[in-house]
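Participant: For the sequence shown, our numbering assigns the number 680 to the initial residue and increments by one for each residue that follows.
Watch out, some of these pointers could steer you wrong.
As the list claims (entries may be wrong) - Now the in silico label distances, taken between C-beta atoms and shown as ranges:
hint, residue 1, residue 2, range
1, 712, 867, 29 to 37 Å
2, 811, 681, 18 to 26 Å
3, 834, 779, 34 to 42 Å
4, 682, 866, 39 to 47 Å
5, 697, 817, 30 to 38 Å
6, 690, 868, 37 to 45 Å
Claimed, not checked - Derived SDA-like pairs: lysine to any residue, alpha-carbon spacing no greater than 25 Å straight-line:
hint, residue 1, residue 2
7, 810, 789
8, 777, 698
9, 810, 792
10, 810, 795
11, 810, 689
12, 777, 684
13, 777, 795
14, 777, 789
15, 777, 845
16, 704, 810
17, 810, 698
18, 777, 689
19, 704, 776
20, 704, 742
21, 810, 780
22, 777, 868
23, 810, 737
24, 704, 689
25, 704, 740
26, 810, 797
27, 810, 744
28, 704, 682
29, 810, 854
30, 777, 688
31, 777, 730
32, 777, 732
33, 704, 688
34, 810, 726
35, 810, 868
36, 810, 746
37, 777, 682
38, 777, 790
39, 777, 720
40, 810, 848
None of these hints come from the bench; they were simulated from the model. Glycine included, every Cβ here is placed at the ideal spot set by N, Cα and C.
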Amino acid sequence: TSTDDLYVLSGTLDVDAADDGLRGKDSLTVAGGTVSVSTGGDGLKSDQDAGPTQGYVHISGGTVSVTSAGDGIDAHTDVVLTGGSVGVTSGGGASAGKTETSAKGLKAGTFLVVDGANVEVDSGDDALHSKGALRLSSGTLTLATGDDGIHAEVAAVLDGADVTVTQSEEGLEAGLVTISNGSVDITAS
680 TSTDDLYVLS
690 GTLDVDAADD
700 GLRGKDSLTV
710 AGGTVSVSTG
720 GDGLKSDQDA
730 GPTQGYVHIS
740 GGTVSVTSAG
750 DGIDAHTDVV
760 LTGGSVGVTS
770 GGGASAGKTE
780 TSAKGLKAGT
790 FLVVDGANVE
800 VDSGDDALHS
810 KGALRLSSGT
820 LTLATGDDGI
830 HAEVAAVLDG
840 ADVTVTQSEE
850 GLEAGLVTIS
860 NGSVDITAS
């Protein structure tokens, strides 16, 4: 836990925590290395609410693996994935279903962006969730969820990523949905 910015640049980091795994109050950045987190709370988290330029999680490289009882990645503002490989199992996975506890795979308070990362999510709650907008521009996403595959309160733009939702209640939900490129394959029941 850092009260300011937390950077992971290289090396191997194994975290086993009763509550949150890695928390950068102002921001959390993973640019390289291998990060493995197992937690009873949220996996990766930044929760600064003092302004729009803080409270974000950025992954630009490396390999990140999260198993969490709560949200896999939780940012007060933005979740931005521009590289690397990210694997999240939250809330016991899709087969566990949604419960009262927030167990989203990736959760952003403002904006969620995937532009170049490879992402696999198995979540009891929404796989990708933004209280604002989200954009999936490039990379590969494979999502299984007990609730929504992709959920954005305002808008969802899919303009280049390869997205597969293998299990969901609702595959894609947003105030406005734009699909202009990439591939989208959704299974919902």
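Participant: Give a verdict on every hint.
Facilitator: Do the hints match the structure? See the list:
| no. | hint | verdict |
| --- | --- | --- |
| 1 | 712 to 867: 29 to 37 Å | holds, 36 Å |
| 2 | 811 to 681: 18 to 26 Å | holds, 25 Å |
| 3 | 834 to 779: 34 to 42 Å | violated, 28 Å |
| 4 | 682 to 866: 39 to 47 Å | holds, 42 Å |
| 5 | 697 to 817: 30 to 38 Å | holds, 36 Å |
| 6 | 690 to 868: 37 to 45 Å | holds, 42 Å |
| 7 | 810 to 789 | holds, 6 Å |
| 8 | 777 to 698 | holds, 20 Å |
| 9 | 810 to 792 | holds, 13 Å |
| 10 | 810 to 795 | holds, 22 Å |
| 11 | 810 to 689 | violated, 31 Å |
| 12 | 777 to 684 | violated, 32 Å |
| 13 | 777 to 795 | violated, 29 Å |
| 14 | 777 to 789 | holds, 22 Å |
| 15 | 777 to 845 | holds, 16 Å |
| 16 | 704 to 810 | holds, 19 Å |
| 17 | 810 to 698 | holds, 23 Å |
| 18 | 777 to 689 | violated, 35 Å |
| 19 | 704 to 776 | violated, 29 Å |
| 20 | 704 to 742 | holds, 22 Å |
| 21 | 810 to 780 | holds, 17 Å |
| 22 | 777 to 868 | holds, 14 Å |
| 23 | 810 to 737 | holds, 17 Å |
| 24 | 704 to 689 | holds, 20 Å |
| 25 | 704 to 740 | holds, 21 Å |
| 26 | 810 to 797 | holds, 22 Å |
| 27 | 810 to 744 | holds, 24 Å |
| 28 | 704 to 682 | holds, 5 Å |
| 29 | 810 to 854 | holds, 11 Å |
| 30 | 777 to 688 | violated, 34 Å |
| 31 | 777 to 730 | violated, 31 Å |
| 32 | 777 to 732 | violated, 31 Å |
| 33 | 704 to 688 | holds, 18 Å |
| 34 | 810 to 726 | holds, 14 Å |
| 35 | 810 to 868 | holds, 23 Å |
| 36 | 810 to 746 | holds, 23 Å |
| 37 | 777 to 682 | violated, 31 Å |
| 38 | 777 to 790 | holds, 23 Å |
| 39 | 777 to 720 | holds, 16 Å |
| 40 | 810 to 848 | holds, 19 Å |
Comparing the model with each earlier hint shows violations of hints 3, 11, 12, 13, 18, 19, 30, 31, 32 and 37; every other hint is respected.
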